[in-house]
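Participant: Protein chains in written order, with my numbering: chain A, 12 to 376; chain B, 12 to 376; chain C, 12 to 376; chain D, 12 to 376.
What the hints contain is simulated information worked out from the structure, not anything from laboratory work.
Mixed in with the good hints, there may be bad ones.
[Claimed, not checked] The list that follows gives simulated cross-link-like pairs (lysine-lysine, DSS-like), each with its CA atoms no further than 25 Å apart:
1) B/Lys124 x B/Lys177
2) C/Lys71 x C/Lys29
3) C/Lys71 x D/Lys71
4) A/Lys298 x A/Lys365
5) C/Lys239 x B/Lys365
6) B/Lys29 x A/Lys365
7) D/Lys159 x C/Lys365
8) B/Lys71 x C/Lys159
9) D/Lys298 x D/Lys71
10) B/Lys124 x A/Lys71
11) B/Lys29 x C/Lys198
12) B/Lys365 x A/Lys365
13) D/Lys173 x C/Lys29
14) B/Lys241 x B/Lys198
15) A/Lys239 x D/Lys159
16) D/Lys159 x D/Lys71
17) A/Lys71 x D/Lys71
18) A/Lys229 x D/Lys365
19) D/Lys239 x D/Lys219
20) D/Lys29 x A/Lys198
21) D/Lys198 x D/Lys36
22) C/Lys365 x D/Lys239
23) D/Lys124 x D/Lys298
24) C/Lys198 x B/Lys365
4 protein chains.
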Amino acid sequence: MTYLTSTDEHAVEIVNLKSLEALVKERMVAQGNRGAFGYLRGAAEDEWTLRENTESFNRKTIVPRVLRGIDSADLSTSIFGIPLKTPIIQAPVAAQGLAHMEGEVDTAKGMEKVGSLFSISTYGSTTVEEAAEAVNGAPQFFQLYMSKDDEFNQYLLNKAVKAGVKAIILTADSTLGGYREEDVVSKFQFPIPMKNLESYSVTDGVGKGIFEIFGAAKQGLVLDDIQKIKNWTNLPVLVKGIQSPIDALEAITAGADGIWVSNHGGRQLDGGPASFDVLPAIAAVVKKRVPIVFDSGVRRGEHVFKALASGADLVAIGRPIIWGLNLGGADGVASVVEHLNHELSITMQLAGAKDIESVKTTELL
Amino acid sequence: MTYLTSTDEHAVEIVNLKSLEALVKERMVAQGNRGAFGYLRGAAEDEWTLRENTESFNRKTIVPRVLRGIDSADLSTSIFGIPLKTPIIQAPVAAQGLAHMEGEVDTAKGMEKVGSLFSISTYGSTTVEEAAEAVNGAPQFFQLYMSKDDEFNQYLLNKAVKAGVKAIILTADSTLGGYREEDVVSKFQFPIPMKNLESYSVTDGVGKGIFEIFGAAKQGLVLDDIQKIKNWTNLPVLVKGIQSPIDALEAITAGADGIWVSNHGGRQLDGGPASFDVLPAIAAVVKKRVPIVFDSGVRRGEHVFKALASGADLVAIGRPIIWGLNLGGADGVASVVEHLNHELSITMQLAGAKDIESVKTTELL
Amino acid sequence: MTYLTSTDEHAVEIVNLKSLEALVKERMVAQGNRGAFGYLRGAAEDEWTLRENTESFNRKTIVPRVLRGIDSADLSTSIFGIPLKTPIIQAPVAAQGLAHMEGEVDTAKGMEKVGSLFSISTYGSTTVEEAAEAVNGAPQFFQLYMSKDDEFNQYLLNKAVKAGVKAIILTADSTLGGYREEDVVSKFQFPIPMKNLESYSVTDGVGKGIFEIFGAAKQGLVLDDIQKIKNWTNLPVLVKGIQSPIDALEAITAGADGIWVSNHGGRQLDGGPASFDVLPAIAAVVKKRVPIVFDSGVRRGEHVFKALASGADLVAIGRPIIWGLNLGGADGVASVVEHLNHELSITMQLAGAKDIESVKTTELL
Amino acid sequence: MTYLTSTDEHAVEIVNLKSLEALVKERMVAQGNRGAFGYLRGAAEDEWTLRENTESFNRKTIVPRVLRGIDSADLSTSIFGIPLKTPIIQAPVAAQGLAHMEGEVDTAKGMEKVGSLFSISTYGSTTVEEAAEAVNGAPQFFQLYMSKDDEFNQYLLNKAVKAGVKAIILTADSTLGGYREEDVVSKFQFPIPMKNLESYSVTDGVGKGIFEIFGAAKQGLVLDDIQKIKNWTNLPVLVKGIQSPIDALEAITAGADGIWVSNHGGRQLDGGPASFDVLPAIAAVVKKRVPIVFDSGVRRGEHVFKALASGADLVAIGRPIIWGLNLGGADGVASVVEHLNHELSITMQLAGAKDIESVKTTELL
């Protein structure tokens with residue numbers, strides 16, 4: 012049976028990001044896609060880490076500074092020399108075709124509209140080539156779930172390089188699926204193919220659960236895999252899923268060009284720390300040698316500000332962008348980032364930070 | 012269409028200040044003024060800082076002292092040589108015509124009745140002259156939202172000086188409107204003019220939202236603006252919206268005659284600290300060189316006591332006074348202060364503090 | 012109109028002390044005594060300190076010790092040489108006639124039954140003589156609310172001495188009534204006389220609220236009042252309502268024979284610390300020179316244990332004993348203490364403390 | 012009247028352990044066994060320590076480590092030279108016949124199925140011989156509630172030795188029954204015999220409450236009892252119910268071969284610390300001289316991980332195994348351990364710990 016989901020293509024009026032989840036739930040359940048919604052929304056076990064991810068931002072406060080002559084807030088920044096209009100980028104999310112018939116194509120277009128960065132997942136509903144063709148040279152990264160089969164890894168990375176991606180994101184935190192109870196209860200299986208897989212002689216994921224998908228990937232990832240990918244692609248490699256300062260150090264020593272601090276939105280290890288709580292210690296050891304991308308729990312411009320002030324260079328958004336995708340396609344994705352940009356720029360003005368550099372040097376209380 | 016709101020003029024029986032909000036909500040909604048009520052009540056984003064403002068008082072406790080021969084509590088105090096019967100003053104609030112047909116005129120009269128201080132906002136529904144004429148020489152301050160246009164600033168301050176105000180309050184925390192979701196949802200626009208604006212060739216605010224109003228004001232406020240205002244007016248200048256000790260120090264160095272510790276009742280930057288939490292560190296750097304006014308979250312005489320014991324010289328009340336204005340006009344405003352005075356005097360007696368100086372030297376636990 | 016309340020006289024089956032309040036509420040409301048119940052139950056303002064009083068016990072834990080050869084728990088102890096079968100005594104409570112037609116007479120009998128201590132309040136529904144006559148030589152203390160009129164104070168203390176009380180409790184924390192909202196809302200006035208007052212030319216309290224009663228008493232209590240009472244009575248004087256180590260020290264220096272750590276069950280100053288939270292610091296300055304009685308918030312044998320382990324010599328119970336009085340008269344009062352004794356003895360056995368001295372030397376975590 | 016309970020014998024589908032309690036409650040209440048369910052589920056007084064036991068695991072977090080080449084997680088371990096397939100063992104629970112007609116026989120079989128350890132209680136519904144015969148040489152321990160009568164103790168231990176148990180667990184925390192309100196309210200009495208008792212001239216417990224059962228046992232346990240048991244049995248002795256580092260030290264000095272950190276699942280002393288909170292300090296003094304078994308509050312593989320990382324060598328499960336027993340007999344017991352094994356192995360893989368030794372050397376945050 013064909014999987015049917017949103018085909019909406021329009022800007023979305025947004026009061027705040029948290030309110031989008033309920034809207035999307037209603038729509039997806041009405042279309043019979045409760046399991047798919049659960050997969051997109053859910054997290055591991057008690058979802059304690061999921062909640063902590065957002066709660067943790069309340070443990071630090073922004074002390075507003077005044078009379079500093081701030082006329083307006085400049086959100087522009089860059090990574091690896093790529094200029095971005097905002098520090099808010101998209102976190103790679105698998106199987107976006109669950110949320111919208113256009114899948115990653117629309118997400119890529121949305122991120123292009125706002126002058127920001129799109130990353131395509133190995134487990135995307137769209138090939139890396141299709142995502143690249145959807146936009147006119149806007150920057151894209153490729154998120155690699157490494158296979159046990161190095162030939163397949165090379166095949167895949169080769170496609171990504173040819174498609175013109177600017178960096179590789181090596182996912183390190185998912186050598187096994189987290190124990191996500193909502194998927195267990197709904198017995199969720201992917202109803203649509205993972206197109207990057209189907210072009211090779213591997214399963215395309217249809218009819219599999221996430222636990223099987225991750226099980227088929229490589230468990231025993233090692234630090235040397237970083238250099239291996241660099242050699243294969245000649246591209247910068249970010250290691251995604253770092254929560255420990257030691258891992259950050261070792262990854263940099265092993266050649267990582269960027270550290271992506273993330274706990275996979277609480278979807279992998281429950282009972283681990285909030286991602287925001289570990290960021291300062293990681294930033295302290297990274298010492299600005301490579302850029303830090305941060306994700307997990309960000310729902311407010313205020314959270315973006317606090318992450319930047321705690322050591323992040325870019326801040327990635329996962330689920331809320333998928334909600335925007337469902338609600339309005341490419342324009343919906345853009346609406347989500349624009350709304351966060353709006354909140355961030357108000358926060359910056361009221362905090363007395365005129366640009367991203369100023370935000371980064373703000374001390375939180 | 013004419014905006015209709017309360018015309019009540021009578022004392023209000025008050026059990027506690029928190030209970031007033033629901034009463035006023037019921038009345039304003041019944042009169043069709045839900046949006047106006049939302050504007051008066053609301054705060055920024057998740058309203059986390061709003062809640063923290065009041066919650067934070069629970070993080071310090073008053074250790075009662077006994078057998079100290081306290082016969083009664085004397086609440087009298089002063090600022091800039093102006094005697095006051097109570098340390099509880101009124102925090103300037105814009106557009107009080109939303110709550111009562113008499114607007115600031117009644118608030119001014121109410122504060123006169125209790126021998127305390129009234130401050131009129133640039134964005135008041137009443138002109139500074141009307142407010143001054145409403146009372147017979149009772150002390151008033153003028154709260155300035157600085158314009159991009161210095162000629163207008165001088166015009167406005169000149170009016171204030173002629174009206175006889177005793178000090179200028181420079182609002183530093185509102186170079187942009189906070190992201191107040193209740194206003195966003197209700198698409199709130201001011202239904203009544205801001206009379207101090209309409210006498211000059213600027214918009215009087217009718218049909219505008221608060222985000223536009225603040226947008227029209229000066230964003231790039233600087234420390235030198237303090238001295239500029241002092242030169243123009245020859246009056247003491249308090250800087251309102253200070254949350255950082257560094258800002259307090261710099262403002263004093265730049266000539267400020269008073270520091271007003273406030274986060275605008277949580278209406279501007281959400282995710283900032285509770286105002287009470289930052290007060291001790293600010294008091295520590297101010298070192299009694301200039302008076303400190305405190306606001307944000309005060310709902311109990313106990314809160315007034317704790318703020319005074321943490322470094323404040325005066326404590327200002329915002330929303331609850333507006334609730335009193337709605338419920339009973341000038342007498343309602345007086346009822347609110349009298350009730351707080353009652354709670355404060357009981358707290359002082361039970362804590363063993365005979366006057367405001369004793370309160371200030373009380374150590375909290 | 013005559014005030015009618017419980018006449019029950021029987022033992023009460025008790026699961027735990029917290030459950031008694033709801034039972035009593037139902038009974039007293041059914042008899043038309045909602046206001047009287049509110050007066051007995053209520054506390055000041057937000058009742059934050061009331062709640063903290065009990066919550067605070069959770070901030071310390073008893074680390075159970077094992078294999079220490081504890082055969083059974085011995086609860087006996089003493090104060091001023093008076094042997095007691097339990098460290099659990101009764102906290103003086105005014106106007107017990109509100110809860111039971113026999114008032115303090117039954118409470119005194121109940122405390123005698125369990126071999127513990129009864130204290131009669133100046134504001135009791137029963138005279139000190141009647142309470143003394145109710146029992147056959149069981150120890151009683153007299154709680155003094157000092158009057159502005161020293162002749163009345165002497166008259167009253169003289170009655171107490173003649174009635175045979177063993178000590179005087181000087182109430183130091185109530186020079187004014189706390190702001191108790193439940194009484195304000197119900198406009199509670201005492202429906203029955205305070206008999207110790209009516210024998211002298213002062214109001215007996217009928218038709219007055221607690222705020223007026225306390226207002227008629229002496230506000231400006233001083234340290235010298237301790238010695239004055241000792242001279243008048245030649246009895247040990249305990250100062251009740253101590254929350255500050257400095258006050259404890261000064262009271263001892265001024266001649267106090269005992270320190271009663273209490274915040275009046277949260278009925279006086281709201282926003283003050285939990286009584287249990289200040290106990291260790293007070294015990295540290297008292298250094299066992301005089302006994303410490305503790306009250307406020309105790310609802311479990313575990314709480315008694317924790318208070319004793321934090322420096323208390325005796326632990327007093329207020330409201331729950333009044334609930335026992337209402338439910339079963341003298342036997343009901345005894346049931347409450349017996350239940351707490353039962354919980355305490357289990358706690359001692361499981362904690363590995365064989366007697367009250369062992370409890371006092373237990374270190375909490 | 013004969014007591015009737017579950018006779019189910021099948022594997023149980025488990026989403027998480029917490030959800031089992033409600034299922035079992037529904038079944039047992041439907042069979043008229045509400046009191047028995049209450050006895051199995053309940054804990055002492057306010058059940059604060061019960062809740063803290065599980066909550067406390069949230070006070071430490073597992074910082075996931077990545078790129079460490081972990082291919083799979085090996086759960087095998089051992090105690091006293093006995094190999095175990097998992098560090099998750101069964102905590103001895105009395106009267107398992109309440110949950111299933113086969114009682115401890117099925118639990119023993121279930122633990123054998125998963126290659127783990129079963130311990131039979133003195134107060135079991137099954138004799139130690141029956142439990143031993145149920146399995147084919149799978150390891151079992153015997154949990155001793157010591158009697159006042161040493162002849163009975165020797166008689167009982169002799170039976171256990173002959174039945175082939177590998178170690179004796181001396182229960183030290185239950186010289187009296189905790190004050191369990193659910194049993195008090197339901198007036199719970201054991202409807203089935205404790206078979207280890209009935210073969211000797213002592214009560215078999217039928218028609219008694221737990222408070223009477225424990226009352227009949229020896230209160231004054233001493234350190235010398237450890238050596239006494241060792242002499243009688245020539246078996247290793249674990250002391251169960253240790254919460255204090257001093258007790259752990261003294262028990263080892265007195266000859267204990269293992270320390271069992273437990274607060275009896277919150278069933279004994281309420282107001283004591285969470286068992287997990289005291290584990291690190293105990294491990295610090297034990298210094299790996301003897302193995303540490305941990306129980307109380309464990310409901311997740313994540314909790315097992317955190318306990319092992321805090322000093323435990325084995326982690327025991329109480330109530331959830333009884334729920335499994337009720338839901339599916341021996342297979343249900345196995346399902347519970349298998350589910351926890353599954354969660355634990357995911358946690359290990361995601362945390363970067365390849366075996367139990369690695370878990371033990373993981374530092375929590």
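Participant: Going straight from one Cα to the other, do D/Lys173 and C/Lys29 come out at no more than 25 Å?
Facilitator: violated, 50 Å
Participant: Does B/Lys198 sit within 25 Å of B/Lys241, going by the straight-line distance between their CA atoms?
Facilitator: violated, 38 Å
Participant: Compare the distance between the alpha carbons of B/Lys124 and B/Lys177 with 25 Å, and conclude whether the hinted pair is satisfied.
Facilitator: Holds: B/Lys124 and B/Lys177 sit about 18 Å apart, inside 25 Å.
Participant: Just to be careful, I want the Cα atoms of C/Lys71 and D/Lys71 compared with a cutoff of 25 Å; is the pair within it?
Facilitator: Satisfied, since the Cα-Cα distance of roughly 19 Å is no more than 25 Å.
Participant: Tell me if the straight-line CA distance from C/Lys365 to D/Lys239 falls inside 25 Å.
Facilitator: holds, 23 Å
Participant: For B/Lys29 and A/Lys365, compute the direct alpha-carbon distance and say whether it is at most 25 Å.
Facilitator: violated, 38 Å
Participant: Would you check the hint for C/Lys71 and C/Lys29, treating anything up to 25 Å between C-alpha atoms as holding?
Facilitator: holds, 20 Å
Participant: Between D/Lys198 and D/Lys36, is the straight-line Cα distance small enough, at 25 Å or below?
Facilitator: holds, 18 Å
Participant: Within a Cα-Cα threshold of 25 Å, do D/Lys159 and C/Lys365 meet the stated pairing?
Facilitator: holds, 18 Å
Participant: Quick one, are B/Lys71 and C/Lys159 close enough, alpha carbons at most 25 Å?
Facilitator: Not OK: B/Lys71 and C/Lys159 at ~33 Å, beyond 25 Å, violated.
Participant: Taking only the CA atoms, is the gap from A/Lys239 to D/Lys159 under or equal to 25 Å?
Facilitator: violated, 70 Å
Participant: Starting from C/Lys198, check that the Cα of B/Lys365 is at most 25 Å away, please.
Facilitator: With Cα atoms ~28 Å apart, C/Lys198 and B/Lys365 exceed 25 Å; violated.
Violated hints for the displayed structure, listed by number in ascending order: 6, 8, 10, 12, 13, 14, 15, 16, 19, 23, 24.
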